[in-house]
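If you're matching them up, the sequences are chains A and B in order.
The first sequence begins at 1 in the working numbering and counts up by one.
The second sequence begins at 1 in the working numbering and counts up by one.
Bear in mind the hints are in silico, worked out from the structure with no lab data behind them.
One or more of the hints may lead you astray.
Unchecked claim - Taking lysine to aspartate or glutamate pairs in the DMTMM-like style, the calculated list, with each CA pair at most 20 Å apart, reads:
(1) A/54 / B/342
(2) A/50 / B/348
(3) A/38 / B/184
(4) B/250 / B/345
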Amino acid sequence: MGRIILGMLLVSSLMYGREWTLHIEGMHCIACTLAVKKALYGVKGVTNAKVNFKTQTAVVTADETVTLRMMQDAVQQTGYTANALIRH
Amino acid sequence: MQRREFITKTTAAGALCCVPSFLMSAAPLKSKEALGVYTIDWNFDLSHHGERACALWIPLPSDISGFQTVLETRTKNNAAKSLETSHNAYRARTLYAFWDQSAAPKTLNMSFTVALRDRQCTFKRKRLCPDTIEQSRTFLAPTAHIPTDGTVAAIAKHIVAREKDPLKKARKIYDWIIANSYRDESVQGCGTGSPNTMLAQLEREGRMGGKCLDMSALCVALMRASGIPAREVMGIRVGASRFSIAFGTKEDITRSQHCKVEFFIDTIGWIPCDPADITKLILKEGIDRNSPRVRELANKFFGFWENNWMAFNHARDFDLYPANAQGTLDSFGYVYGEVDGEYLDPFDPSAYRYTIHAQKATL
């Protein structure tokens with residue numbers, strides 16, 4: 001039974017992904033959100049990314065293959081810094 | 001204002017003392033060629049965003065006594081909410097439209113006729129009312145994108161040196177920007193308007209590349225750091241120039257946004273200038289920056305704006321009304337849009353389907 005539940009959770013997370021909220025440093029105007037968004041979508045496994053200048057955050061939906069380090073590296077290459085706030 | 005009223009009233013406006021803040025010192029020219037009348041058509045279509053909520057904030061031109069009058073405005077849209085407002089820190093006139101998720105199609109059409117006159121500063125000294133002088137002081141303060149300390153302050157001090165006359169200081173800054181910068185066509189739109197980015201490039205490479213917002217913002221920052229109230233004026237070219245192909249546009253003006261500068265002298269008023277257009281002249285005409293033609297037009301455009309350009313606002317680092325999801329806007333020369341709270345890239349044709357057209361008209 002336990003294996004079945006574990007299997008279902010795995011399938012569920014692969015299908016629907018996990019949501020991360022990242023704090024983005026270095027955005028100085030609203031147009032910066034476009035560069036951050038593009039960088040996050042460049043990470044294989046990211047299915048959705050919403051970036052907000054006002055809150056300086058990015059809400060990212062990604063599958064289980066995506067790690068915080070992958071997103072941080074991608075964002076850093078565009079000149080910004082990403083730190084994880086919450087992983088849902 | 002009616003069309004005939006515009007013709008009769010504007011000839012006297014330059015002589016007024018307590019006229020609204022934009023204008024003053026520069027008198028409208030009376031010759032026939034100094035008047036330009038245009039019909040401007042804007043068309044927006046956000047229908048391809050489907051069942052997502054869409055919102056637009058569109059910069060609109062305001063009347064500027066003596067130089068710019070919006071004669072007729074017609075709008076047609078199927079937005080759930082639309083309103084015209086100037087409720088923001090800079091009183092930037094804005095058309096706001098909001099479509100909820102169910103709206104289909106999501107379109108907006110707007111057209112207006114605008115009458116524009118050449119604005120030529122006479123540089124004659126006169127007494128300005130204290131309120132006007134006090135209001136100008138707002139434009140000495142730094143903003144998020146317009147620093148007046150650090151490198152900006154050091155460079156400003158170097159440029160103006162021992163000069164005490166504010167008008168001569170302003171001219172030194174204007175000339176310094178023309179001498180040290182070049183138009184970089186790879187920059188998107190009008191640029192980001194970051195003086196520190198420009199100055200960092202100058203330190204690295206010995207000169208600065210950018211477009212109109214970049215050079216105007218640098219000019220404004222250096223002037224403010226030198227004690228001269230100054231501001232960027234966002235606007236759009238609407239027709240051909242009498243002076244150079246570099247200063248004009250064709251009928252499709254969707255990408256013709258252009259930023260100029262105004263600075264304030266207590267004994268003269270607000271004075272226009274445009275260092276960015278001189279760098280564009282150098283590039284487009286392929287001429288040397290020390291050529292007689294560049295010198296002549298640099299002189300002309302220190303204290304002048306032509307009637308083929310329409311001003312929107314001088315807003316910088318401000319909050320829109322109604323409030324947007326993304327927060328403080330750095331400048332407002334392009335339409336600003338959001339879909340489900342996400343920023344729409346004004347340079348991406350898949351995000352926006354919009355066009356702006358201008359046609360010569362008559363009164």
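The hints, checked one at a time:
For the given pair, residue 54 of chain A sits about 11 Å from residue 342 of chain B by alpha-carbon distance, which is consistent with the 20 Å threshold. Between residue 50 of chain A and residue 348 of chain B the CA atoms are separated by roughly 17 Å; this keeps the pair inside 20 Å, and the hint holds. As the CA atoms of residue 38 of chain A and residue 184 of chain B are separated by approximately 24 Å, the hinted pair breaks the 20 Å bound. Simply put, residue 250 of chain B and residue 345 of chain B have alpha-carbon atoms about 23 Å apart, too far for the 20 Å limit, and the pair is violated.
Consistency note: the structure conflicts with the earlier hints numbered 3, 4.
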